[in-house]
Amino acid sequence: MYLGVDYYPEQWDAEFLEQDLARMVSAGINCIRIAEFAWHLMEPKEGQFNFDYFAHVLDRAEHYGLKVMLGTPTATLPAWLAKKYPEVLSVDEVGIKRHFGGRRQACLNSPVYREKSALISTKMAEAYANHPAVIAWQIDNELGHETSDWCYCNHCEREFQNYLQAQFESVEELNYRLGTVFWSQSYNDFNEIELPRPTIPAKNPGLMLYFYRFRAETITRFTREQATILRKIIPQSQQITHNYPGDYYNKAQNFTDISECLDVVALNNYPVWGGLEQPVEYGKIAMKLDQTRGFLPGKNFWITEQLIGAQAHTIMGYLPRPGQARLWSWQAMLHGCNNLIYFRWRTATKGAEQFCYGVLDHDNQDGPRYHEMQQVFNEARRYASELNQPIKAEVALIYNPDNIFAWKIQPQSVSMDIHHEHFRLYQGFIRHNVAIDVIDIRQAIDTYKVVLLPAPLLLTKEQITKLVDFIQNGGIVISSFRAAIKDQDNSVYFNQDNPWLKVAGLKAYYIESLGNNSQVTIRNPSGVEYQAGVWRDMLEVTTGSDAQTIYNYSDEFSSYAAVTETVIGAGKLIHIATGINDKEFWLNLASQVLSLQSIPARLTPDGVEIIRRGNTDFILNHNNHAIRYNDLELEPYAVLIEGK
Amino acid sequence: MYLGVDYYPEQWDAEFLEQDLARMVSAGINCIRIAEFAWHLMEPKEGQFNFDYFAHVLDRAEHYGLKVMLGTPTATLPAWLAKKYPEVLSVDEVGIKRHFGGRRQACLNSPVYREKSALISTKMAEAYANHPAVIAWQIDNELGHETSDWCYCNHCEREFQNYLQAQFESVEELNYRLGTVFWSQSYNDFNEIELPRPTIPAKNPGLMLYFYRFRAETITRFTREQATILRKIIPQSQQITHNYPGDYYNKAQNFTDISECLDVVALNNYPVWGGLEQPVEYGKIAMKLDQTRGFLPGKNFWITEQLIGAQAHTIMGYLPRPGQARLWSWQAMLHGCNNLIYFRWRTATKGAEQFCYGVLDHDNQDGPRYHEMQQVFNEARRYASELNQPIKAEVALIYNPDNIFAWKIQPQSVSMDIHHEHFRLYQGFIRHNVAIDVIDIRQAIDTYKVVLLPAPLLLTKEQITKLVDFIQNGGIVISSFRAAIKDQDNSVYFNQDNPWLKVAGLKAYYIESLGNNSQVTIRNPSGVEYQAGVWRDMLEVTTGSDAQTIYNYSDEFSSYAAVTETVIGAGKLIHIATGINDKEFWLNLASQVLSLQSIPARLTPDGVEIIRRGNTDFILNHNNHAIRYNDLELEPYAVLIEGK
Amino acid sequence: MYLGVDYYPEQWDAEFLEQDLARMVSAGINCIRIAEFAWHLMEPKEGQFNFDYFAHVLDRAEHYGLKVMLGTPTATLPAWLAKKYPEVLSVDEVGIKRHFGGRRQACLNSPVYREKSALISTKMAEAYANHPAVIAWQIDNELGHETSDWCYCNHCEREFQNYLQAQFESVEELNYRLGTVFWSQSYNDFNEIELPRPTIPAKNPGLMLYFYRFRAETITRFTREQATILRKIIPQSQQITHNYPGDYYNKAQNFTDISECLDVVALNNYPVWGGLEQPVEYGKIAMKLDQTRGFLPGKNFWITEQLIGAQAHTIMGYLPRPGQARLWSWQAMLHGCNNLIYFRWRTATKGAEQFCYGVLDHDNQDGPRYHEMQQVFNEARRYASELNQPIKAEVALIYNPDNIFAWKIQPQSVSMDIHHEHFRLYQGFIRHNVAIDVIDIRQAIDTYKVVLLPAPLLLTKEQITKLVDFIQNGGIVISSFRAAIKDQDNSVYFNQDNPWLKVAGLKAYYIESLGNNSQVTIRNPSGVEYQAGVWRDMLEVTTGSDAQTIYNYSDEFSSYAAVTETVIGAGKLIHIATGINDKEFWLNLASQVLSLQSIPARLTPDGVEIIRRGNTDFILNHNNHAIRYNDLELEPYAVLIEGK
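In the order they appear, the protein sequences are chains A, B and C.
Sequential numbering from 17 applies to the first sequence in the numbering used here.
Sequential numbering from 17 applies to the second sequence in the numbering used here.
Sequential numbering from 17 applies to the third sequence in the numbering used here.
Keep in mind that the hints are not guaranteed to be accurate.
One copy or any two copies: either way a pair holds, since identical chains are not told apart in the list.
Calculated pairs, DSBU-like style, for lysine-lysine (alpha carbon to alpha carbon, straight line, at most 35 Å) [what the hints assert, rightly or not]:
1. Lys482 with Lys248
2. Lys61 with Lys113
3. Lys113 with Lys100
4. Lys300 with Lys424
5. Lys300 with Lys315
Hints were generated in silico from the structure; no laboratory data involved.
Just need the whole structure built from these sequences, with the hints factored in.
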């Protein structure tokens with residue numbers, strides 16, 4: 017089990033290296049990540065390479081018995097490169113170039129940038145591949161983060177045209193499938209197709225979907241190129257990874273595709289960041305961890321950056337309470353992280369991250385955060401064998417990048433947050449402390465008993481067939497509103513009933529966006545009533561169908577169903593046609609489904625997680641107050657370990 | 017009476033044309049509008065014209081007895097044109113070019129664009145003018161909509177300089193009349209005058225007024241050019257129209273000028289659109305209809321696009337309730353529409369308007385909206401003769417584009433909404449169900465008994481003279497705050513009393529903007545009190561004047577009047593110096609004025625309209641609840657027809 | 017004592033000059049400011065100078081016995097200059113050029129602009145220097161106002177590189193001191209350093225501090241160049257000034273440096289402006305006046321523009337009540353203004369300032385504002401000798417431009433408003449009606465008894481030494497949160513205790529940004545509790561220190577101090593580690609400190625000021641209601657003069 021810190025020796029006077037490494041060892045650290053922002057140090061002038069500095073760092077790390085993850089430095093291009101080749105700088109939607117002076121400003125479609133990146137990574141790999149301290153390589157840093165997934169430069173335009181040419185047999189086929197005859201947008205040639213930049217008043221949703229896919233493919237291709245370079249040079253024992261910033265729902269990225277280029281995935285796990293006045297809800301952190309684990313099924317994952325203190329560039333927020341970083345670290349390990357690195361050894365005194373608080377403060381003393389880290393590492397080592405075991409789940413939440421893209425292109429409701437729609441279905445199950453996999457819609461689902469299908473706007477016929485087979489064989493699918501409106505080209509299904517609702521024996525003619533001030537409620541025959549938001553489909557049970565209405569709307573559309581269940585073969589499809597807000601609804605639904613599928617569950621109070629790994633129960637209290645669970649009195653932010 | 021749908025056969029596989037036309041006929045349709053976005057289909061490559069497609073559509077329409085309105089296709093330039101002549105693309109205020117991929121991105125001052133537009137319209141007119149199915153032509157589509165009224169390209173700059181040169185005898189005269197000596201902005205030559213682009217901190221209001229007028233004239237000139245082309249080619253029996261999007265208060269457009277280029281005006285009538293969570297207030301819809309009718313006095317108008325279902329690009333909102341589209345259709349016809357076309361036949365499955373719901377849904381079935389349309393058409397035909405009669409009104413609301421522009425340039429109050437200021441004066445009269453004309457300030461007013469003059473910031477001496485004559489002869493004028501501050505150059509009247517207040521026997525030295533959180537109230541001697549907002553002039557009755565104070569302010573300015581009446585000759589001027597919010601005030605005022613002027617009126621509950629056409633009363637309930645009116649129990653969205 | 021108006025004769029027909037001057041004299045005016053926006057009038061074409069117009073105005077002013085302040089016209093470049101040399105126009109952060117049509121659009125780093133400005137000022141000085149009416153010169157107008165302190169043009173980039181080269185011995189030194197190794201931002205040459213334009217996601221805070229200083233120096237240098245030109249030509253008796261717009265906390269300007277180029281400073285004093293619905297708090301107006309006085313210690317100052325009526329470009333707000341302009345004028349004089357000019361003689365009828373109401377209204381009558389001005393002038397002359405005396409203070413509030421810049425670069429809390437943090441410390445003292453100097457941190461402080469040090473994020477070792485000496489010798493310093501984190505390069509102090517807290521015997525490991533919804537309170541042992549916001553440091557008293565805890569936090573961090581006092585030598589350091597909102601806290605603190613330091617004070621009710629000048633007490637009621645103070649019944653906006 018690798019436990020360590022991110023370390024930037026180059027940011028400190030040379031005298032600190034030796035004392036830092038010695039202090040790390042005494043703190044229980046056995047691994048450091050280094051070098052991922054150090055292009056200028058390794059190539060100070062164009063074509064002049066110098067790898068002495070980190071060779072020395074590696075030697076000293078080896079001396080202290082520390083293992084090293086190396087980062088390739090392509091996230092931060094050097095100033096000489098930006099100056100000599102300004103065409104590498106990316107351009108925003110309105111045509112404004114991003115300038116040197118931050119990070120991630122380069123366009124991954126720039127030929128010069130790809131060439132220079134290939135060269136520095138090649139040279140670096142050659143320089144360090146055989147060093148005994150090296151155990152892993154991180155490609156770049158947080159690809160696509162902070163809007164860098166978008167660029168509208170001329171290179172991108174040409175590459176987009178090439179991409180489209182590869183996707184369609186001819187421009188006529190593109191015209192037909194994307195419906196460009198609408199608003200006279202037919203193209204005579206691929207080279208007439210502009211990037212979707214500011215226009216009046218709305219863009220072609222089909223072309224936009226291909227643009228999202230093209231942006232995603234741009235990052236995947238860069239990852240693949242870099243991984244291929246490394247793999248040719250480094251030993252098989254060294255793993256290749258990349259560190260995801262973890263915002264899986266607001267990026268033009270396909271994280272499954274990227275992950276398939278890697279040996280193992282890694283997450284930068286920050287449960288609070290910047291100006292947030294409260295941390296992210298613990299269940300959403302759990303979902304992010306489960307999702308990270310799901311990108312390479314069956315494998316655990318690294319955390320390359322775990323929060324130890326407050327983190328911000330220019331606006332700060334909530335201060336993690338004493339013990340809370342430990343709590344979040346345990347949560348991460350219990351959800352599948354088996355190698356954990358804190359960000360960062362010592363807080364920077366210069367540069368843009370002066371307020372990203374690391375293990376050591378600016379005063380360089382062994383303070384509370386140092387001791388909190390030490391405690392986590394001591395505890396974790398005792399449970400290494402449990403934590404290294406893979407996690408087995410019977411519930412799966414579906415991740416479908418195309419569907420996310422389709423919602424981004426046409427949110428339809430001002431309240432639409434596709435991330436939250438995933439969490440809406442997930443929340444009842446995490447409260448029951450069952451393991452949940454978040455898996456790509458391409459994955460096999462036949463080993464699961466329950467599949468959660470959040471707001472599947474874009475759903476292909478093949479995907480529907482797979483899901484129906486799953487139900488027929490005894491599975492339960494819970495799907496939510498606006499299902500299967502769109503096909504793989506982001507066109508609306510034409511001239512037929514909605515193919516997903518048809519499976520359920522339903523139709524929906526009346527539909528309504530509910531906005532931010534929705535007063536709509538749903539009600540069942542017993543008079544139980546819940547608030548609804550975001551959207552609603554008014555469901556009609558079609559003649560001869562087996563669908564059962566569970567909830568109706570309670571206003572003038574009260575003859576229409578909001579929640580239905582349909583028995584299909586040996587399984588069941590539960591369809592929820594609106595965005596229900598009450599936690600209670602989701603808790604009851606999960607209870608019922610877990611019971612039906614005989615999945616063992618343990619309901620805990622809100623904010624409390626109990627997770628069994630091996631024969632040990634780990635109990636976490638995310639609440640800022642003490643709480644009683646069974647016979648246990650859990651202090652705020654407590655981590656209790658029982659059994660073994 | 018033409019009743020029909022907008023139809024885009026080119027967006028569907030060829031097999032649908034025949035069945036669509038047949039279904040239309042059986043639904044009661046006798047007219048379709050086609051072709052207004054089909055430039056690429058008619059000129060797929062530069063100079064290569066092909067009119068076969070719509071010739072075939074016209075033939076088949078003729079076969080089924082359907083009449084056709086043709087749209088010229090200039091609202092959506094083809095991709096080849098944008099690619100070859102990028103200078104045709106318009107530019108926003110900060111200099112960012114609008115790109116291909118939407119609609120209306122062309123600059124109407126671009127010589128190439130005007131030439132290419134003239135050519136396609138000429139060729140199209142030649143191709144179809146003599147087809148027996150054709151009854152009318154729509155020029156372009158929603159000119160000026162969606163910010164396309166603004167462009168800041170180099171063509172516009174040159175044309176603006178030419179425009180100014182035509183308006184002023186010399187640059188010295190411009191300098192003098194616009195006061196460019198202020199901030200050293202004197203010009204030595206017209207070619208030094210930049211478009212009013214981003215600067216620090218404020219622009220010359222006189223130059224801005226001329227810029228608004230120039231923008232308005234740009235659209236008028238384009239309409240005139242296109243109308244002239246069509247008129248030369250098409251038979252006299254075919255009418256020329258243009259479809260207004262209906263937002264008459266937020267555009268740099270002069271709708272009177274544009275209308276004068278047309279045979280008949282047309283409105284696209286959407287009482288709810290996009291993300292609106294509630295429909296537009298019914299009285300504001302009525303005002304828009306009355307205003308559309310007023311652009312060509314004495315004539316009724318077309319509706320070229322009438323809402324039948326929810327309409328949105330990317331964010332949706334309120335779903336029109338069953339029956340509500342019928343209600344709005346009847347309201348439109350009762351306010352002067354005598355030919356009505358629904359948008360659109362079948363909902364698009366591809367392109368930017370997938371969520372603009374038409375008569376048929378994506379499933380292509382005869383659904384509820386189909387039946388609602390059919391009902392409207394059946395009903396309307398029975399009352400064709402009533403609906404074809406012109407409407408006669410004794411109350412006129414003044415539309416003055418220059419005044420609207422002046423308010424846009426200097427809103428003065430953060431709460432200023434010049435559209436609402438028009439409605440403020442209109443609201444009491446519509447509640448009394450009297451006919452109201454909205455007429456341009458250039459029109460004769462001597463046939464009216466009441467004239468409403470909303471917030472006439474810019475009011476010329478000639479206009480004042482005409483209004484005073486009207487009052488002298490027995491008319492009543494109701495004017496509101498901030499009257500007659502500005503002259504025709506947007507300069508403040510100098511060195512004299514305010515010329516409108518002088519008419520009323522008033523002065524206003526103290527003035528105040530009331531912002532969004534106004535606590536100001538007005539009060540009459542009986543203690544009746546109303547909330548005031550937006551603005552207030554503190555009125556003083558000048559010595560020897562006949563002005564009577566009706567309301568005073570109730571705070572430290574309580575010695576000043578807020579509402580006054582002045583008898584002038586045989587008539588009366590009622591001046592309201594602040595933005596009174598309470599409906600009751602306006603209801604009482606209208607009651608009193610209608611009674612004084614002996615105009616027959618029928619007061620109905622809020623949300624209920626009763627309109628007599630011929631010998632028939634049509635009663636509309638816009639409320640979402642049942643309501644009693646006289647002996648009638650009106651269901652939500654009811655349309656009741658009585659008499660005959 | 018000069019009392020007068022700003023006058024723009026060039027904006028009116030020639031016939032008005034004579035009657036205007038005569039009316040001014042009869043109103044009590046003895047001074048006018050003219051010409052500061054009249055470049056085109058003096059140089060209508062490039063190199064063609066014509067000074068006849070203002071020569072005539074000066075002659076006529078002399079005839080009426082009026083003295084004149086002349087403004088150099090460089091704030092508004094003529095159209096011919098913008099047209100011929102477009103490179104003089106400034107550019108915003110994203111690269112958008114500011115256009116002609118407003119004011120202040122020129123870049124002060126443009127060589128052409130500096131050359132043309134030098135030339136017009138030279139010629140103008142030569143033309144008018146020897147006129148007997150001239151008593152003073154105003155350089156330009158409101159330098160840096162309305163975002164004109166920022167420009168990102170190519171000239172600026174080159175000058176910034178030059179500036180940096182002058183600040184650092186080598187690029188290596190820059191790299192080291194600014195920590196550019198972070199994110200691989202090391203430069204090989206100064207010419208690689210771009211202006212800090214849009215990038216991802218954050219910029220180097222050290223480079224940003226130098227950029228702020230460079231922007232500040234740009235304006236200082238322009239002032240110095242212009243002052244040098246004037247000084248060479250004009251007689252010693254004519255004073256050189258510049259009129260500050262008064263927003264000292266949101267500008268990249270160093271007002272101390274600028275002031276040192278001048279003979280006397282001047283303020284444009286607008287207690288309400290634009291759309292503000294209420295005037296600025298009277299205490300903040302007082303602080304602005306005290307600060308203006310402090311830029312040239314020991315000297316009084318001019319007000320070159322004093323509000324007489326409502327002031328706005330396009331959005332108006334609160335109307336100054338009758339008598340309120342007089343109140344504000346007296347407040348200004350009592351805080352150190354001894355020459356006062358109202359903005360402006362007659363309200364403009366043309367140009368961007370039609371709604372900046374002057375002494376005369378658009379009707380050109382002697383209205384209420386005319387009479388209010390006349391009253392002020394009559395009253396003021398009676399107290400000229402008192403008002404001309406300098407003001408002596410024993411309390412000093414520290415102004416530190418570098419500290420303001422550091423907070424702008426990294427606000428750290430979403431609620432941070434460094435202006436308000438200055439006022440937070442000032443408020444209790446102004447309520448006690450003691451004189452307060454606002455002085456630059458470079459000034460000597462040994463003549464004061466109390467020093468207020470607001471949120472001194474950036475504090476150098478030398479500054480700390482000076483402050484400690486001050487305390488040792490019996491002074492009291494009140495400092496607030498986040499003290500001494502940064503050094504002169506905007507780096508965090510490394511490897512040591514916080515040097516300011518160390519002085520106080522304190523440490524702060526836990527820190528937290530409190531945002532906009534803070535529920536945090538502080539509490540003392542007696543149970544007195546106050547709300548805290550913006551930020552908090554959790555203070556620990558270090559072992560063996562003399563620090564006394566006065567308030568603790570009341571939540572889970574209740575073992576940490578929020579307010580402490582430390583006796584040091586003969587003085588005391590009071591440290592307040594959070595943003596306390598309650599006025600009561602600050603009132604009590606000031607009471608206690610004034611008493612300890614034996615500074616005579618008179619506590620008045622909120623809104624009431626009492627200021628003694630010579631042997632006279634002046635009592636001002638800023639409240640909008642009557643209030644009793646001692647035996648006096650003060651009407652709203654009253655100015656009472658007692659004694660003598």
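Hints not upheld, ascending by number: Violated: hint 1 alone.
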